[in-house]
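Enquirer: Sequence lines, in order, name chains A and B. Numbering (the numbering used here) for the first sequence: 1 to 162. Numbering (the numbering used here) for the second sequence: 1 to 1024.
Certain hints may be false.
Unchecked claim - Straight-line C-alpha distance at most 20 Å; calculated SDA-like pairs for lysine to any residue:
#1 Lys149/A - Arg857/B
#2 Lys113/B - His95/B
#3 Lys149/A - Lys516/B
#4 Lys516/B - Arg857/B
None of these hints come from the bench; they were simulated from the model.
Below are the chains, spelled out letter by letter.
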Amino acid sequence: MDKVQQVPKPDLKQIEGIIASCKDQKWPLIPLLQRIQEEVGYIPPETINPIARAFGLFPSQVQGVITFYEQFYTTPRGRKVVRVCRGTACHVRGGKTILKLVKQNLGLEEGETSPDLDYTLETVACIGVCALAPNIVIGKETHGNMNPKKVSQLLGDKKGSG
Amino acid sequence: MQNHRTVLVCQETPCLSMGSEAVYQALKAEVERQGVANAKVDISGCHGHGLCGHGPSVVVEPDGIFYLQVDAKDAPEIVSSHLRDGKPVERLLYHDPVTGQAIPLYSDIKFYKEQQRVILRNCGHINPEKIDDYIAQGGYKALEKALLKMTPEAVIDEVAKSGLRGRGGAGFPTARKWQFCRNSPGEQKYVICNADEGDPGAFMDRSILEADPHAVIEGLTIAGYGIGATQGYIYVRAEYPLAISRFLIALEQAQERGFLGENILGSGFDFEIHVKEGAGAFVCGEETALIASIESQRGMPRPRPPFPAQSGLDGKPTIIDNVKTLANVPVIIDRGAEWFASLGTEKSKGTAVFALTGKVANCGLVEVPMGTPLASIIFDIGGGIPRGKQFKAVQTGGPSGGCIPAQFLDVPVEFDSLAQLGSIMGSGGMVVLDDSTCMVEIARYFLSFTQTESCGKCIPCRLGTKQMLEILTRITQGKGRDEDIDTLLNIADTVKECSLCGLGQTCPNPVLTTIKYFRDEYETHIKEKKCPAAVCDALMISPCQHTCPVGINVPKYVAHIAAGEYLESVDTIRERNPFPAICGRICHHPCETRCRRGELDDPVAIRSLKRFAADWYFDHAGELPDPEPFPQTQSQRVAVVGAGPTGLSCAYFLAQMGYPVTVFEALPVGGGMLSIAIPQFRLPKEVIQSEIDYIAKRGVEIRYNTPITTNFTVEDLRKDGFEAVFIAAGAQKSQRIGIPGELEDVDNFHYGLRFLRDIKVGRQINIGRHVAVIGGGNVALDAARTALRLGAEEVSLYYRRSRDEMPVTEVEYDEAVAEGIRFHFLVSPTRIESDNWRATGLQCIRMALGEPDASGRRRPVPISGSEFYVEADTVIAAVGQAPDLSFLPPDSALERTRWETLVVDSNRLSTNIPGVFAGGDFVTGPGMIIEAIAAGRRSAIAIGKYLRNDVSRVEMYDLKQRHNGETADQEPGVEESWEIQPRASMPKLSAQKSKRNFEEIERGFSEDVAKQEAKRCLRCDLET
């Protein structure tokens, strides 16, 4: 049975608190978004209006900033974000194949999150660990010198895990 | 009293990912547990730069001893053996990859010896989280000097005198920028450090921030003082969490010690640094986009003028400098501009840090003075290309840069020289590419990156990148069109000229440089649907099959062997190649160079498996049904001149298509070069005969002793009713060296090809005791080994180029060396000495490899004054062969080139006379066996078209096949195993046993061994 997690409703009080703490900063919008993301795990769309109001911006301006930057998400992410590096060094050392295998193992396409909110799969342009190419990052841990065996070991067969 | 030792454990991201935290903790615990009093364990930045693949790394100072691949389990031994007893642990030391010798000191390791670490001066030597370590290395002395002893103008002046140019990519003179800003009106000014190192493949800024953050703080502060700014920012990309946290720790410590804040060191100068994190946008590395991002806006570039120096952050005068630029500043102030300007070249002062990655043995950060040649960085420091592959190109400057091919390896690396080649220095990324990289695919890759990162503001960039990407993608999928290259150039120029910011202005560079230097690769993809690097999946069944000039379905025939279906295996091979037993012995196997198994451990022994299947067939031919002639479905007759591999292949394939074919051979035996030149110990006569007999049985008529001459011409063949003629007369005329004393009448002077042929037909040749062979190709090598077997005491081979350029296989070279053949490289004969018509010796001169030519090959040049003499009582010259056109009548209408070969269309192999075709060695000069067979197949297809009045091009490609349900899962007994299983070794006669006779050296695989080897195939053809 698929365990589809209910997306927890964002705690607007918590977010109001974060907004208030950033109010005095110069150019606070991006640091604020980064903090919300850090603490809530994503930027709930419901927060756009309160943020706009707090800083005298149009909601469309706030939305524009959110959508410009790759690191801001408006949907919840999995507990473990798997990032496959697609930098040049990783590319020439077989990164494409690693991505294919990771996709197979997780049963996810790029940008997707598993229904049970366990995993999110993303690619990242370069994490700067080129000497150990090809690389993937799971959560905060970097794993270098990836090969098909390691992909199996790290991610096993997570398809339809429930 | 014992010396105090410090053990530094690298804690940068790469080593941490390999468990260096555990190593650190273990060493600390062990030092305490074993009670070693005079040692302390600390963390540091990277000292393994270049050897990051061999981490975690540990350095013991002040010894300077370097340990690699240290595991937490090694801690007790390191502490007891090295720290307590003073004996370094040998097995953990760096070992030279060639000699295997241990090199304990990192300063002795070639990778470090050749570097000059100025920007990276502290990396690996200090704990980045201890400000006292930084101060102990002389840190903050420059700040003190600047604030207390120099005026801001003097600071800018010093930087100006040093010649420092921005290390972010553009190379703008740093001091000039500072001066503009200082001169701009306004009270509030800003300094920003650009640490948004977005170039894929670049990680020096990450490393500096993780290993030596104070250098950046100090540089920023001095810059602020120079321009009159009291606020500083550092913009770090979010993908560098460790760099950010280390920098924050350093900030706090600097603040505590009074190097930041109000009235720094009592100078009256205030300075504050704020940290801003990026949010995942490559374009924010561009200065105006970066400013917009700090202002919490969408990171879109702004038009300049006004430049940030006049109006930047918040509309105030702002300086933006790269991490490396700022890391240079303290050193310049401390040691002086003159010292700094003494490094580098006239227009590019100081050092440059490169992130050397990709297909290179040592990946890591390389810091060298500007002006160091590319070859030095890649080969001397980088250790060259691993796995025996060839250098193809190096991409510098990330996605904004260009690909630089082999012919420019001598170029000194500096701003202007790279720009001249169409690339840029950029942030210092240097990705090495080898012959298994497809240049079209690389251009596509870079475009896909910049297309995603394009902010969208400028239409040419927004749409242009999308269009270029679409075209490049189509080409890699075999859907290229003839006009694509011109369209790409057109769009590229427009995007370059009309884009607002650096991203757009430089993103076409990978496309422009790859087309400039590798245009033929694009054309091959478009016209022949072939990817020479065997990378573009959509064009092929598998890399091996794709690389094979005749496109044998390799995975299929190998799979048949694994399943014990040997007849099916031979039949599969014979669909494309009528010479399986011969090729199984002497083919130079380009397929194996692209075998993907080779990326795991060793390539599958494709050639030897082919031999196994062919030998099985001939051994069991008696039990199998006799081969039947191909059905003759056509009436038009074709004549082939020459029963060598090209001619016979052409005949075979024409017969396969139903045409009656007659082959005319001048000699009493067929086989061409195979029979004439290749020695018995590599290819027995019987094998050649069996294969020719098979072809004859399939319906090909061969008339021996029937030369085409001035009396019986090609014209006569036409008159006799042959509607098409294919001339495949080979290249058997020996080239002359062109030196004095080269006289055929000299008794013991031979040309290699004639020598080999005479031996093969059983003629008696007198071999002396000291044989000198001139040349480095297959004929030379075979002649040398033959001379040995005829009783020479000593055989020496003199080649004017180096070992790397010898066009012989590894296997043959190793066998020759084992047999005792002496090789003398970079030696060229200048005169053959003889006495009374007998050769007595060679005058020689030594050569050096000079500048590379357009193909990247270095031309040998004589070293004057290096002449020497060698004694030899037999001299054999084998410096090349050429086609011999003398059998054609002088008034023949066939058009010739000025090199005395026939003019032939490369696609259809047609001459200027309709119905007359020519190919193989006869047209191209000596080539490899499989290329000869490919020419035969191409001509058969072309002749077939001609006879059907089909004017379309000859197309020899096989696109990806969809398999009907057959997958690796369904193959019985195929275990997908990632375990290392080395290639089966070929049983051979030892050099001792073989060097005095002509017995075949390779014995062939047994059935068990063949099946095991066949199972190593990864079945790339089943990949969807």
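Enquirer: Evaluate each hint against the coordinates.
Expert: Against the structure, the hints come out as follows:
1. The straight-line distance between the Cα atoms of Lys149/A and Arg857/B is roughly 39 Å, outside the 20 Å bound, and the hint therefore fails.
2. In summary, the hint linking Lys113/B to His95/B is supported, as the alpha carbons are separated by about 15 Å, within the 20 Å threshold.
3. For the hint pairing Lys149/A with Lys516/B, the CA-to-CA distance comes to about 40 Å; that exceeds 20 Å, so the pair is violated.
4. Pair hint Lys516/B plus Arg857/B holds up; C-alpha atoms about 18 Å apart against a cutoff of 20 Å.
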